[in-house]
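J.: Spelled out from the first residue to the last, the chains are:
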Amino acid sequence: MVREGFRGELERADDGIVAGRAMDGDVAAFAVLVRRYTPMMRAYTQRMLNASAEVDDIVQEAFVTAWQRLPEIEEPARVKSWLMRIVSRKAVDRIRARRPVVDIDEIDQAAPESSSPARRAETRAGIAALGAALGELPDAQRECWVLREIGGYSYDEIAEELGVPTATARGLLARARKYMIVRMEEWR
Amino acid sequence: MTDDRETPELRRLGLEPTDLDGHTLEELSDYLDSGRSPADPSIDGSPGCLLALDALDRLRGLGGQLIDADAANGPEVEASWVDSILSGIALDARAGRRIPFLSGDPTEDLGITEGAVRGLIRAAETEVPGLLVGRCRLDGDVAEPGAPIHITLEASIRYGESIPRLTDLLRAEVAQRLSVHTELNVVGIDIAVRGLQEPGSQKEEGR
Numbered sequence: 003m004v005r006e007g008f009r010g011e012l013e014r015a016d017d018g019i020v021a022g023r024a025m026d027g028d029v030a031a032f033a034v035l036v037r038r039y040t041p042m043m044r045a046y047t048q049r050m051l052n053a054s055a056e057v058d059d060i061v062q063e064a065f066v067t068a069w070q071r072l073p074e075i076e077e078p079a080r081v082k083s084w085l086m087r088i089v090s091r092k093a094v095d096r097i098r099a100r101r102p103v104v105d106i107d108e109i110d111q112a113a114p115e116s117s118s119p120a121r122r123a124e125t126r127a128g129i130a131a132l133g134a135a136l137g138e139l140p141d142a143q144r145e146c147w148v149l150r151e152i153g154g155y156s157y158d159e160i161a162e163e164l165g166v167p168t169a170t171a172r173g174l175l176a177r178a179r180k181y182m183i184v185r186m187e188e189w190r
Numbered sequence: 264m265t266d267d268r269e270t271p272e273l274r275r276l277g278l279e280p281t282d283l284d285g286h287t288l289e290e291l292s293d294y295l296d297s298g299r300s301p302a303d304p305s306i307d308g309s310p311g312c313l314l315a316l317d318a319l320d321r322l323r324g325l326g327g328q329l330i331d332a333d334a335a336n337g338p339e340v341e342a343s344w345v346d347s348i349l350s351g352i353a354l355d356a357r358a359g360r361r362i363p364f365l366s367g368d369p370t371e372d373l374g375i376t377e378g379a380v381r382g383l384i385r386a387a388e389t390e391v392p393g394l395l396v397g398r399c400r401l402d403g404d405v406a407e408p409g410a411p412i413h414i415t416l417e418a419s420i421r422y423g424e425s426i427p428r429l430t431d432l433l434r435a436e437v438a439q440r441l442s443v444h445t446e447l448n449v450v451g452i453d454i455a456v457r458g459l460q461e462p463g464s465q466k467e468e469g470r
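Taken in order, these protein sequences are the chains called U and L.
Heads up, the first sequence is in the working numbering, so the first residue is 3 and it goes up one at a time.
Heads up, the second sequence is in the working numbering, so the first residue is 264 and it goes up one at a time.
Hints were generated in silico from the structure; no laboratory data involved.
Computed from a predicted structure; not experimentally measured.
Mixed in with the good hints there might be a few duds.
Unchecked claim - Short derived list, chain L residues pointing at chain U, Cβ under 7 angstroms: (1) 278; (2) 285; (3) 318; (4) 328; (5) 329; (6) 334; (7) 340; (8) 348; (9) 381; (10) 383; (11) 397; (12) 449; (13) 450; (14) 452; (15) 453; (16) 458.
The beta carbon of each residue, even a glycine, is placed where N, CA and C say it ideally should be.
Please work from the sequences and hints to get the whole structure.
T.: This is the structure:
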């Protein structure tokens with residue numbers, strides 16, 4: 003009984019307490035972090051890669067790394083963004099292993115034509131429209147957009163992650179934004 | 264540039280420099296990122312730029328909402344998933360320093376790890392309903408028998424409980440457990456209450 007109530011409390015405790023315990027080696031607290039942030043980390047990885055085959059592998063790797071590196075975290079209360087950075091890095095590692103060099107031509111590459119009317123009808127809501135538009139972007143543009151708009155990376159950080167000059171990252175991002183804006187306007 | 268003055272909202276949104284009075288979408292993104300400061304009259308005075316800025320602004324923040332929506336609609340986190348991750352981590356990773364025992368058979372080398380002591384400290388919370396222990400730190404030379412050790416720990420307390428009463432209870436319980444299970448010379452136990460927890464709610468930190 004007491005144990006039950008206690009577990010519930012840990013499950014509801016704020017990030018600072020839970021991450022602080024996990025730093026100290028409390029596996030139960032780490033399990034709370036896994037339950038709490040798996041959905042978000044999966045979602046981020048899925049959007050970044052635009053494919054689901056490797057998502058669980060990447061998120062799992064990210065948690066293993068997080069456990070090892072937890073003692074280094076400076077602000078346990080900010081564990082959420084810290085975890086997102088780790089999973090982002092793991093996803094980028096996969097991308098770079100698969101595609102060592104970004105195709106610079108992609109800066110000028112247009113996204114494919116809009117999706118079918120049926121799909122458009124399903125995705126009326128703005129967020130769904132955004133998701134669909136994101137899925138239509140060429141790889142490097144999509145990666146830049148996710149890193150910037152979801153991951154909160156600076157232009158320099160994006161450039162470093164993707165191994166391209168900052169000017170290229172900016173170009174890719176501008177292209178991505180342009181496409182997303184046009185597609186979003188169509189839904190308005 | 265089209266010339267639809269009567270119905271500007273019907274004007275097709277243009278994002279090329281010719282639509283933006285010579286500015287580029289990159290410049291406008293930077294301008295938005297800087298909080299439109301210092302003000303640039305050539306942007307603020309351009310209807311094309313203002314339309315594009317509005318569109319950029321609407322797009323902003325949607326990324327976070329998209330991930331939140333995806334996360335909410337994603338599959339449940341199954342127990343087997345959590346187990347598979349826990350089975351892949353090294354459980355002794357946080358052993359910390361080794362704390363020797365002096366008493367007992369001098370021919371035996373007995374000790375306890377710092378990690379185990381932290382576990383002891385956390386477990387004290389089971390005697391203090393309404394309180395959760397967070398991170399804890401042992402300051403002092405734990406490897407040196409008799410050296411003064413200062414303990415600092417964080418805690419959160421359920422909303423409505425008395426903070427002084429619960430922290431006093433916890434302090435006494437931690438001291439008692441440490442004196443039973445270790446030979447540490449504990450000279451102080453500081454408790455920092457980091458948060459109040461509302462029953463049934465989970466407080467998440469912002470991104």
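J.: Less than 7 angstroms between beta-carbons is the criterion; does residue 449/L satisfy it with respect to chain U?
T.: Constraint on residue 449/L not satisfied, violated at 17 angstroms.
J.: Just to be careful: measuring from the Cβ of residue 453/L to every Cβ in chain U, is the smallest value less than 7 angstroms?
T.: Given a least distance of 14 angstroms, the restraint on residue 453/L is violated.
J.: Regarding the hint that residue 334/L lies at the interface with chain U, is the smallest CB-CB distance below 7 angstroms?
T.: 4 angstroms, holds
J.: Hold the hint about residue 452/L up to the distance rule: shortest CB distance to chain U must be less than 7 angstroms.
T.: Result: violated, 16 angstroms to nearest chain U Cβ.
J.: Would the hint on residue 348/L be counted as holding, given a Cβ-Cβ threshold of 7 angstroms to chain U?
T.: 5 angstroms, holds
J.: Quick one, is the residue 397/L hint okay against chain U at 7 angstroms, beta carbons?
T.: 4 angstroms, holds
J.: Go through the hint on residue 329/L and say holds or violated, using the shortest Cβ distance to chain U against 7 angstroms.
T.: Since the shortest Cβ distance to chain U is 5 angstroms, the answer is holds.
J.: Regarding the hint that residue 340/L lies at the interface with chain U, is the smallest CB-CB distance below 7 angstroms?
T.: 5 angstroms, holds
J.: Let's test the interface hint: is any C-beta of chain U closer than 7 angstroms to that of residue 450/L?
T.: Violated: closest Cβ of chain U sits about 21 angstroms from residue 450/L, beyond 7 angstroms.
J.: Under 7 angstroms is the threshold here; is the Cβ of residue 278/L close enough to any Cβ of chain U for the hint to stand?
T.: Since the shortest Cβ distance to chain U is 5 angstroms, the answer is holds.
J.: If you take the shortest Cβ to Cβ gap from residue 458/L to chain U, is it below 7 angstroms?
T.: Where the cut-off is 7 angstroms and the nearest Cβ of chain U is about 5 angstroms from residue 458/L, the hint holds.
J.: Take the shortest C-beta to C-beta distance between residue 381/L and chain U; is it under 7 angstroms?
T.: Constraint on residue 381/L satisfied, holds at 5 angstroms.
Violated hints, listed in ascending order, are 2, 10, 12, 13, 14 and 15; each of the other numbered hints is respected by the structure.
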